[in-house]
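Participant: Sequence:
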Amino acid sequence: SLQLAAGAEQRFDDIGDDLSGRNSKQEMGKHRIVADILYSNTALYTEGFYDVYDALGVAFGARWDGHTRTIDDGGTINGKLAFVYTPIAGHTFKLIGQSSSNNGSADNYEFGRNTLDDRNRPYTTPHYEKPYELPGGNSNAISGVTEDQLHELKPEKVYSFELTSMHQITSSLTFSPSISYNMVQDLFAWNQGLFRVVNAGSYNHLDLEAELAYTTSKVTVGLNHAFQRPINTDPDEEAVTFIVDRFTRDSMAIVPRTGGGFDTSVVQAANYKTARDADGKTYYIPVANGKKDYTVNPVKEQITADGEHFLSLATNITKLFVDYRPASWVTLHGDARVFWGLAGRDSIYSADEKKGTNNWDVTRDAMAKLDASVLFDLPSNLRVGLFVYNILGVDEGTGENNSLAVHTLRWQQTGTPDQKDLYAVDLRSYAVRIDKSF
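The sequence shown begins at 1 in this note's numbering and counts up by one.
Since the hints were made in silico from the structure, they are not lab data. Among the hints, a few may not be true.
No farther apart than 35 Å at their CA atoms in a straight line, the calculated lysine-lysine pairs in the DSBU-like style are these [to be verified]:
hint: 1; residue 1: Lys-292; residue 2: Lys-369
hint: 2; residue 1: Lys-292; residue 2: Lys-281
hint: 3; residue 1: Lys-154; residue 2: Lys-94
hint: 4; residue 1: Lys-94; residue 2: Lys-80
hint: 5; residue 1: Lys-218; residue 2: Lys-319
hint: 6; residue 1: Lys-157; residue 2: Lys-281
hint: 7; residue 1: Lys-25; residue 2: Lys-273
hint: 8; residue 1: Lys-369; residue 2: Lys-130
hint: 9; residue 1: Lys-369; residue 2: Lys-355
hint: 10; residue 1: Lys-420; residue 2: Lys-281
hint: 11; residue 1: Lys-30; residue 2: Lys-273
hint: 12; residue 1: Lys-30; residue 2: Lys-218
hint: 13; residue 1: Lys-80; residue 2: Lys-319
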């Protein structure tokens, strides 16, 4: 009645030189991309299945990982427990609870390209992002960071609870619904102000999905719909505050214009001092004036602005595919993905739309991606495929009368609310593939 497996794994990762034997930024031999470090990870794990009785089984598993950067805190423990119930043949229900975790990378835990200067010394005191440029609008002043602060990064954690089932309605027709509730904690987030990855915020989301599939000797049809949205998440409450250096600024620079007058648009520069490196080159050092609170909120800026819809995921997505085999040697295929509007972007686009910006109503209108192909299985182990991708992706300009423009769009997947760009990259394309087996 019991199937059980257990094991152990020891892994070492020697971080440093790339495949060319270098560990340098922009060919600067003394500016490492990442610190030379040997990481160790010890894992103990078990997995099993127990038949309670004919209709009910229990699947379970657990894993402990002791990574160089987590073992001092006891490592990470993750588990899974699932009940599998089959009341009658062809109908199965699964109730699943599980957790997973994600360690940071060496870029997150160690001094590297963003925290070392050109002589491989850690920036533990304030510095400029571009220390050899005269401070201005393109050179951010950044607080220093210690090794202890980098090592404070905790693993990102996800807890998931899912109820799913599979139903064989007829010999050709199956139906599979599922519902899951997921909790993401200690979210990893790159912050441009801090210039490093930090733990900041958590969010929960609900996923509903259903798939209907019909299969015969000549036809296969699949229809899937997914609904996904944040739940029990108030983005305004997910802000995390850090204490950072305060940098005051000089008064506005007044620069004479060529031909007379003054240019008052020059960006204020932070107070700074200068120094020379070992090669005699001048570099600039920002002068801090006390400390200040700095708020980071990646949940509101990158995940959900309104707590009801994702910023970069459509709340409703429908997928459909059809395969038709008129003969044993030929298969016709068509598929479609429909994104039913990016509702989560409504709050960041509405103000622009009132000013006349054309966003092609992507927050309300559906975007469809259609593909088609034909596959020939020919004699002598020869297979030929003809493909057309993004059938609706026709370039008819970007004017408001282009009814197909919305179907060509992709969108900024992450970042901050001011990154609103839409990219018309899903234009129609064609391909031919030939495979020959010997």
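Participant: State for each hint whether it applies.
Facilitator: Do the hints match the structure? See the list:
Note on Lys-292 and Lys-369: the hinted pairing is violated, with a Cα-Cα distance of about 48 Å set against a maximum of 35 Å. For the hint pairing Lys-292 with Lys-281, the CA-to-CA distance comes to about 32 Å; that is within 35 Å, so the pair holds. Of the supplied pair hints, the one linking Lys-154 and Lys-94 holds, its CA atoms being roughly 31 Å apart against a limit of 35 Å. As the CA atoms of Lys-94 and Lys-80 are separated by approximately 12 Å, the hinted pair is consistent with the 35 Å bound.
A threshold of 35 Å between alpha carbons decides the hint, and for Lys-218 with Lys-319 the separation of about 21 Å falls inside it, so the pair holds. Proposed proximity of Lys-157 and Lys-281 is contradicted: the alpha carbons are some 45 Å apart, above 35 Å. Distance check on the hinted pair: Lys-25 and Lys-273 sit about 25 Å apart at the alpha-carbon level, within 35 Å; holds. Under the criterion of a C-alpha separation no larger than 35 Å, the hint pairing Lys-369 with Lys-130 is inconsistent with the structure, at around 42 Å.
In summary, the hint linking Lys-369 to Lys-355 is supported, as the alpha carbons are separated by about 29 Å, within the 35 Å threshold. This hinted pair does not check out: Lys-420 and Lys-281 have alpha carbons roughly 39 Å apart, beyond 35 Å. The suggested pairing of Lys-30 with Lys-273 holds, with an alpha-carbon distance near 24 Å, which does not exceed 35 Å. For the proposed pair Lys-30 and Lys-218, the alpha carbon gap of about 64 Å is over 35 Å, so the pair is violated.
Taken as a hint, the Lys-80 and Lys-319 pair is honoured in the structure, with Cα atoms around 29 Å apart against an allowance of 35 Å.
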